[in-house]
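Asker: Residue numbers (my numbering), protein chains in the order written: chain A, 1 to 93; chain B, 1 to 94.
If you are wondering where the hints come from, they were derived from the structure by calculation, not from laboratory data. Ideal Cβ placement from N, Cα and C applies to all residues, glycine included. Treat each hint with caution, since some may be false.
Short, incomplete list of chain A residues facing chain B, as computed with Cβ under 8 angstroms [said to hold, decoys possible]:
#1 1
#2 15
#3 39
#4 40
#5 62
#6 65
#7 66
#8 68
#9 70
#10 72
#11 79
#12 82
#13 83
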Amino acid sequence: MFLARVTGTVVATVKDEALGGRKLLVVQPLDHRGAAAGRALVALDAVGAGAGETVYCCRGKEASFPWWPAATPADAAIVGIADPSANPEMVPA
Amino acid sequence: MIIARVIGELVATRKHESHEGRKLLRVQPEDVAGTRAAAGGGGALIALDAVGAGVGERVLVVLDGYAAMTAVERPHAPIDAAVIGILDRLDVNP
């Protein structure tokens, strides 16, 4: 998995049926200090994450498992939210 | 598998239920010489702990979903990395 910050939302009216009702968020990967590193990507939200939150994401075919046994076309999913108080070095001031 | 150093723990109260009961570790991939490496993309990763590893330890990490899920005994779970060993020693003959 990798650490990222939620930096945006994606609205797509026309999309795969299996993505109906699912939240698509833009996430910016973070380095070990919590600074932005690499290119932002779109991830399917499995935990109710919101803008600005520091999250961790699963990538690859395993990213669709939160909705298993439904076949969901996702290669990145937000699977957890970092607690701001317990992970101060990774949360923006 | 890759070699990595445990650089911290991640505390996440809200997470997928399959991650409950397992420690989340922040691991930095390293090369065999112990310097920060490009393995696994180079950046720090989040892995579920299957062996009781702690901060500062050098560990073995799987970056495959099936292997990671098997190690933490959570089938059909959104897990793509797991710490599956703690290095005692690493001998390399160049």
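Asker: Against this structure, judge whether each hint is valid.
Answerer: Hint check results:
no. : hint : result
1   : 1    : holds, 4 angstroms
2   : 15   : violated, 20 angstroms
3   : 39   : violated, 12 angstroms
4   : 40   : violated, 14 angstroms
5   : 62   : holds, 4 angstroms
6   : 65   : holds, 4 angstroms
7   : 66   : holds, 5 angstroms
8   : 68   : holds, 5 angstroms
9   : 70   : violated, 11 angstroms
10  : 72   : violated, 11 angstroms
11  : 79   : holds, 4 angstroms
12  : 82   : holds, 5 angstroms
13  : 83   : holds, 5 angstroms
The structure fails to meet hints 2, 3, 4, 9, 10 from the earlier list, while all remaining hints are met.
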